[in-house]
Amino acid sequence: MNPQKPYRYADSDKNSNNDESHEHNENNELQNAREKIIKFDFSIDIKEVFEDFNKRLNDPQKPQPRKLLITRIRQLINEKDTLNKNMSTIIKAYITRNVATLYVPSKKTNKANQNKPIFKMTAFYSCIEDAMRQVLKGKLGNDLSDKEILDAMASSLRNSRDWDGHRLLRTLKPNPTTAE
Numbered sequence: 001m002n003p004q005k006p007y008r009y010a011d012s013d014k015n016s017n018n019d020e021s022h023e024h025n026e027n028n029e030l031q032n033a034r035e036k037i038i039k040f041d042f043s044i045d046i047k048e049v050f051e052d053f054n055k056r057l058n059d060p061q062k063p064q065p066r067k068l069l070i071t072r073i074r075q076l077i078n079e080k081d082t083l084n085k086n087m088s089t090i091i092k093a094y095i096t097r098n099v100a101t102l103y104v105p106s107k108k109t110n111k112a113n114q115n116k117p118i119f120k121m122t123a124f125y126s127c128i129e130d131a132m133r134q135v136l137k138g139k140l141g142n143d144l145s146d147k148e149i150l151d152a153m154a155s156s157l158r159n160s161r162d163w164d165g166h167r168l169l170r171t172l173k174p175n176p177t178t179a180e
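So the sequence shown is numbered by UniProt numbering: it starts at 1 and just counts up by one.
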């Protein structure tokens, strides 16, 4: 036997039009979105899983996963930290070094990057951008610009090759000219 949790959706409760049932239905939709997002094992370490995650965030029929993700991202933002530090914290919380290094920040500049997808075009980046604007709005007396957010994301992705102790490993490689 496979017991399932009963969920009521707005279209299944046609007889009730009061505010209480609407709130109940909205809570059920949020719970359903939470369960679908929980199915992803964060930090995501496979590109295909990250692409599926982005497809779910882009679904116009189901905006709840996107709203839930933005809420969770907002909780990760520390107003006392720099924009770059906040961006790195958020990206590291959701994707691993392996996935981050598969993306270029905003445009393909050389032949080595021609086959890499653009991170700026992902729904995940759009959610980060929305959350940053909500939390860090007005910190310096003005709104965050697209360029400021994009520069922070680009810096985080460029530095992703050094995450998880890989900077130390990279600096400890023997120099072929000094090795005898």
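I should point out that these hints are in silico values taken from the structure, not numbers from a laboratory. For every residue, glycine included, the Cβ atom is placed at its ideal position computed from N, Cα and C. Treat the hints with care, as some may be off.
Beta-carbon label-pair distances, calculated as ranges [said to hold, decoys possible]:
#, residue 1, residue 2, range
1, Pro60, Lys80, 29 to 39 Å
2, Pro63, Asp151, 36 to 46 Å
3, Gln61, Asn142, 34 to 44 Å
4, Glu79, Asp52, 17 to 27 Å
5, Lys62, Asp162, 17 to 27 Å
The hints, checked one at a time:
1. Pro60 / Lys80: 29 to 39 Å: 36 Å, holds
2. Pro63 / Asp151: 36 to 46 Å: 28 Å, violated
3. Gln61 / Asn142: 34 to 44 Å: 36 Å, holds
4. Glu79 / Asp52: 17 to 27 Å: 32 Å, violated
5. Lys62 / Asp162: 17 to 27 Å: 36 Å, violated
Violated hints for the displayed structure, listed by number in ascending order: 2, 4, 5.
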